[in-house]
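> Please arrange chain B on chain A, whose structure you already have, making use of the hints.
Protein chains in written order, with our numbering: chain A, 578 to 867; chain B, 1056 to 1266.
Keep in mind that the hints were calculated from the coordinates and are not lab data. Accuracy of the hints is not assured; some may be wrong.
To be verified - Capping the alpha-carbon separation at 20 angstroms, the derived lysine to aspartate or glutamate pairs in EDC-like fashion look like this:
1) B:K1114 / A:D633
2) B:K1105 / A:D690
3) B:K1262 / A:E793
4) B:K1132 / B:D1118
5) B:K1213 / B:E1196
6) B:K1113 / A:D816
7) A:K855 / B:D1118
8) B:K1132 / B:D1181
9) B:K1141 / B:E1103
10) B:K1213 / A:E814
11) B:K1114 / A:E824
12) B:K1107 / A:D710
13) B:K1107 / A:E792
14) B:K1141 / B:E1163
15) B:K1110 / A:D690
16) A:K862 / A:D816
17) B:K1114 / A:E651
18) B:K1132 / B:E1087
19) A:K828 / A:D816
20) B:K1110 / A:D710
21) B:K1215 / A:E793
22) B:K1107 / A:E814
23) B:K1197 / B:D1084
24) B:K1262 / A:E792
25) A:K781 / A:E824
26) B:K1246 / B:E1224
27) A:K855 / B:D1123
28) B:K1107 / B:D1118
29) B:K1197 / B:D1181
30) B:K1262 / B:E1224
Unchecked claim - Label-pair restraints from in silico Cβ distances:
31) A:A663 / B:D1181: 56 to 62 angstroms
32) A:K828 / B:D1264: 27 to 33 angstroms
33) B:K1233 / A:S704: 51 to 57 angstroms
34) A:T609 / B:T1218: 33 to 39 angstroms
Heads up, the beta-carbon is just placed ideally off N, CA and C, and yes, glycines get one too.
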Amino acid sequence: MRRIIALLTLLGFVTSCQPDKSTPQEWTYNRTIALNGVNPIGITSDGDRIYLSDGDHNRIMILDKTGAPQDSIEGFERPMHIDHGAGMTGGLSVSMSSTTSKNLLYIPEYGTDSIAVLQGTNKYYLSIPDSLDAPGGVSVFEDEIAIADFYNNRVLFYNGEQWLNIGKKGSELGDFNYPTDVQITENNIYVADAYNNRGQIFDKGGNVLGQLGQEENMNAATGIHVTSDEIFLTDFENDRILIFNKELQLKQIIDSNIHKPTDVYLFEGQLWVTNYQKGELVIYKQEAIK
Amino acid sequence: MKNITIIMSMVIGLMTLNSANAQSKNSMDQFEIQVDGLGCPFCAYGLEKKFKEFKGIKKVAIDIETGDFSFLYPAEKALEMQTVLKQVEKAGYTPNIAVITRADGSVETNAVVKDAMATSNLTTTDIYVYGKCGMCKARIEKAVNNMNGVANAAWDVKTKQLTVSFDSEITSLSNVEKAVTAVGHDTKNEKASTATYDNLPACCLYKRDLK
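Okay, chain A solo, but in the shape it has when bound (with noise of 0.2 angstroms):
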């Protein structure tokens, strides 16, 4: 009987941590880690550690939970937008072995039209059928993979069979003004379409699913991130991060805090901004709507 009720009263307590969401929730401050001399512009994560990408240092950041740096790794020629996972193995350089391949980093190396794919501390380079022009964005899914192609204003997708071409340059839906990030999710791939000004959405045969933040007077949609429930676009001209639901509706603006925000991670339950100019992390952590 003793058990039963300490196991009630552990049950009662476990429940009443977890956040009710039914109310509604909104994303606040919580805090800042300076950086001391990283330039921050791709954010991503392995469960354990957080990986940045230092374009004008030529190196990856690794930091702890806390956001305190461990290591770093040199030798990347401006790399961007990261990501991380197991990613496509047939594309892989043949000296991987295709059983081995899973917690790979993997880093658009915007100077020489390249995707490096880091294993442990071995790197290579992904075997690309078509030559790429300043790739800013990678995203990993399973065994596909894309690249946000920056001077070819489309985006290169492979299904896992074989690589499509989504977009070209212009302005209508479903075309590019300099792509600069990408994200697969389970049915679609959701593009930051930088000069348009928005994020665009595609299904995974390459057609234009809709478009988000063209309503928002943004300027320079650099960074997507996309989670469950919300979709986030950094706005780096207007030092903002939109917030929208899958709906494509927008929920919240962050305005405090943000100097020229290249990217956006949710890590444990927070949301991590890349603070580019600043060398900041920038924290905000999710509270029920006063």
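Quick look at chain B alone, frame taken from chain A:
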């Protein structure tokens, strides 16, 4: 004696090294170009990428905040000012003041020499000019400040107002508007050609009101 030999060897070694450095420095021309509006890393790295097409380029440096862009290039290749300015434009940007310090010490610049202006003739006025960003600002101000008869021009990104001081005996407000539209920016009265507008960098494509 042994110590003297070691010291002499070190001195000769240093002299040789200095001589080699001096020769290396003297064989390179130095280029310094002011390119405003490079706020975004995608833009700055893009500029750097386009200049890497010049084989032999060294010490490329870009300060994104100030727009200061510099590099060294072999003097024997005699890279010309116009080629450099065109490459900046090819990358999608507007060069402002550029200075080349040649390996032989001579200096070249693209700064414009203007006629003397009488302070009593100066008129200051504001006009609305369409544009969006820091790069627009650099382009608009460069176009107007380079005009003969203009003492000063400054465009505000937020208000879109161009404040211009000019000698009314040398030029006119109408000429100022023509200079602005010639580089792709509409005013309330004058419209830039579609071709010029379409050639603006992506981030500068403002919404047009004039039909």
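> Which of the listed hints are broken here?
Hints 4, 6, 8, 11, 13, 22, 23, 26 and 30 contradicted; others consistent.
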